[in-house]
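There are 2 protein chains.
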Amino acid sequence: MSQKKVAGPEIERLIQLLAKLPGLGPRSARRAALHLIKKKDQLLVPLAEAMGVAVDRIGICSICGTVDTSDPCAICADPRRDETVLVVVEDVADLWALERAGAINARYHVLGGTLSPLDGIGPEDLNIAGLIARCEAGGITEVILAINATVEGQTTAHYVMDQLSHLDVNVTRLAHGVPVGGELDYLDEGTLAQALKARTRF
Amino acid sequence: MSQKKVAGPEIERLIQLLAKLPGLGPRSARRAALHLIKKKDQLLVPLAEAMGVAVDRIGICSICGTVDTSDPCAICADPRRDETVLVVVEDVADLWALERAGAINARYHVLGGTLSPLDGIGPEDLNIAGLIARCEAGGITEVILAINATVEGQTTAHYVMDQLSHLDVNVTRLAHGVPVGGELDYLDEGTLAQALKARTRF
Chain A
0 MSQKKVAGPE IERLIQLLAK LPGLGPRSAR RAALHLIKKK DQLLVPLAEA MGVAVDRIGI
60 CSICGTVDTS DPCAICADPR RDETVLVVVE DVADLWALER AGAINARYHV LGGTLSPLDG
120 IGPEDLNIAG LIARCEAGGI TEVILAINAT VEGQTTAHYV MDQLSHLDVN VTRLAHGVPV
180 GGELDYLDEG TLAQALKART RF
Chain B
0 MSQKKVAGPE IERLIQLLAK LPGLGPRSAR RAALHLIKKK DQLLVPLAEA MGVAVDRIGI
60 CSICGTVDTS DPCAICADPR RDETVLVVVE DVADLWALER AGAINARYHV LGGTLSPLDG
120 IGPEDLNIAG LIARCEAGGI TEVILAINAT VEGQTTAHYV MDQLSHLDVN VTRLAHGVPV
180 GGELDYLDEG TLAQALKART RF
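If you read the protein sequences in the order shown, they are chains A and B.
Following numbering that gives the first Met the number 0, the numbering of the first sequence begins with 0 at its first residue and continues without gaps.
Following numbering that gives the first Met the number 0, the numbering of the second sequence begins with 0 at its first residue and continues without gaps.
Bear in mind the hints are in silico, worked out from the structure with no lab data behind them.
Treat the hints with caution; some may be incorrect.
[Unchecked claim] Below, computed lysine-lysine pairings styled on DSS-like, alpha-carbon distance capped at 25 Å: (1) B:K19 <-> B:K39; (2) B:K19 <-> A:K39; (3) B:K39 <-> A:K39; (4) A:K19 <-> B:K196; (5) B:K37 <-> A:K19; (6) B:K19 <-> B:K38; (7) A:K19 <-> A:K39; (8) A:K38 <-> A:K19; (9) B:K19 <-> B:K37; (10) A:K19 <-> B:K19; (11) B:K37 <-> A:K37; (12) A:K19 <-> B:K38; (13) A:K37 <-> A:K19; (14) A:K38 <-> B:K19.
[Stated by the list, open to error] Cβ pair distances, simulated, as ranges: (15) A:V44 <-> B:K37: 18 to 26 Å; (16) A:G24 <-> B:K37: 36 to 44 Å; (17) A:P8 <-> B:Q41: 14 to 22 Å; (18) B:E11 <-> A:V179: 44 to 52 Å.
Source: prediction; values computed, not measured.
All C-beta atoms in this analysis are idealised placements derived from N, C-alpha and C, irrespective of residue type, glycine included.
All chains should be modelled from the sequences, with the hints used to inform the complete structure.
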């Protein structure tokens, strides 16, 4: 696609920045910019304000590594959360997914990625030292590794488990199995084998 | 998908506003928000600034109806443009597409949509009166209807042509035919028939 500039520099800059968002390419960034300009009062002005607020107020929680407007974050500061269980996730998006599911009322720890030697991402690039420190401080009985079931995720999970092995905490991981609503015909053999192995009484 | 709120109100507002952009749904808006927050200095701060500039400076050209930081816009104000030819487009995005192609050095007129009685969009909702006024003012010899080859677009084109019929201007439209690089096998019969009918000497 042609990248020729056709609008003024201010509009071009807006398009270029929008194109850096995940899910938007050069063409959809132009459409988004035009949509913003046309809906100036309903969308552009409030979005610019919301971004300004985000710039001023959103930061990283020094305890768990999630993003929030307060430090410690709302989850770390919530006294109703179970302090003895720590759910370890790769990314803030995974924390949000678990919170949407509403299946657990514990604290979190965000690693900030997975080990990836090829990309030069080692243990020191992830928030693993912070996790060990939290566990060493005591009070935590279970660490749930809610890490993606990818090769990189599982490598990272094994590394984290090793690092925690000298501590008196139970390290668990999410069950493998058939997704709710999933059709067997579309599942890979590995998932089916795990789902059979971990079958439960009806 | 669950719309349960899991992040703080400032982040949720950012996600909700991003989800209103074309091409972004609730899930990709969350990813985009997270990406923005993580890349605060490289992306969130400059994008918030670019939007602020857009809010302050971008408006609609009172002559042609495109968006720009000046009024008249850079194209309407450009003395090197052919003032006798007016290219009529549905939308600013179409104007940008023609400018990227760089195939014509004329002035534009943005209608701002197509006639759509079912959606309650009549001639008074489009910038048609402005087009007639520009043609009546004189100096324009050709009006090129560069309107999408959709049913609504062609209905609009016919209406515009009718409205201009009493004036001494040539009204033309874009040629139909095989797109450059296009394969005949994937083209509809209407396009092929038009391409055959308008065949040219090799």
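Hints versus structure:
Our distance criterion of 25 Å between C-alpha atoms is met by K19 (chain B) and K39 (chain B), whose separation comes to about 21 Å. With a C-alpha separation of about 13 Å, the suggested pairing of K19 (chain B) with K39 (chain A) holds against the 25 Å cut-off. Restraint check: the Cα-Cα separation between K39 (chain B) and K39 (chain A) comes to about 23 Å, which is no more than 25 Å; the hinted pair holds. The hinted pair formed by K19 (chain A) and K196 (chain B) fails the criterion: a straight-line CA distance of about 44 Å is larger than 25 Å.
Distance check on the hinted pair: K37 (chain B) and K19 (chain A) sit about 13 Å apart at the alpha-carbon level, within 25 Å; holds. Between K19 (chain B) and K38 (chain B) the CA atoms are separated by roughly 21 Å; this keeps the pair inside 25 Å, and the hint holds. For the given pair, K19 (chain A) sits about 21 Å from K39 (chain A) by alpha-carbon distance, which is consistent with the 25 Å threshold. As the CA atoms of K38 (chain A) and K19 (chain A) are separated by approximately 21 Å, the hinted pair is consistent with the 25 Å bound.
Using a Cα cut-off of 25 Å, the hinted pair K19 (chain B) and K37 (chain B) holds, with the two alpha carbons roughly 21 Å apart. Simply put, K19 (chain A) and K19 (chain B) have alpha-carbon atoms about 17 Å apart, close enough for the 25 Å limit, and the pair holds. Distance restraint check for K37 (chain B) and K37 (chain A): the Cα-Cα separation of roughly 28 Å exceeds the 25 Å cut-off, and the hinted pair is therefore not satisfied. At roughly 10 Å between alpha-carbon atoms, K19 (chain A) and K38 (chain B) fall within 25 Å of each other, so this suggested pair holds.
In summary, the hint linking K37 (chain A) to K19 (chain A) is supported, as the alpha carbons are separated by about 21 Å, within the 25 Å threshold. For the suggested pair K38 (chain A) and K19 (chain B), the alpha carbons sit about 10 Å apart, so the restraint of at most 25 Å is met. Range check, V44 (chain A) to K37 (chain B): about 25 Å between beta-carbon atoms, so the 18 to 26 Å window is met. Our hint of 36 to 44 Å for G24 (chain A) and K37 (chain B) is violated, since their Cβ atoms are close to 20 Å apart.
Hint check: P8 (chain A) to Q41 (chain B), Cβ distance near 19 Å, so the stated range 14 to 22 Å holds. Between E11 (chain B) and V179 (chain A), the C-beta spacing of about 26 Å breaks the proposed range 44 to 52 Å.
Taken one by one, the earlier hints fail for this structure at numbers 4, 11, 16, 18, listed in ascending order.
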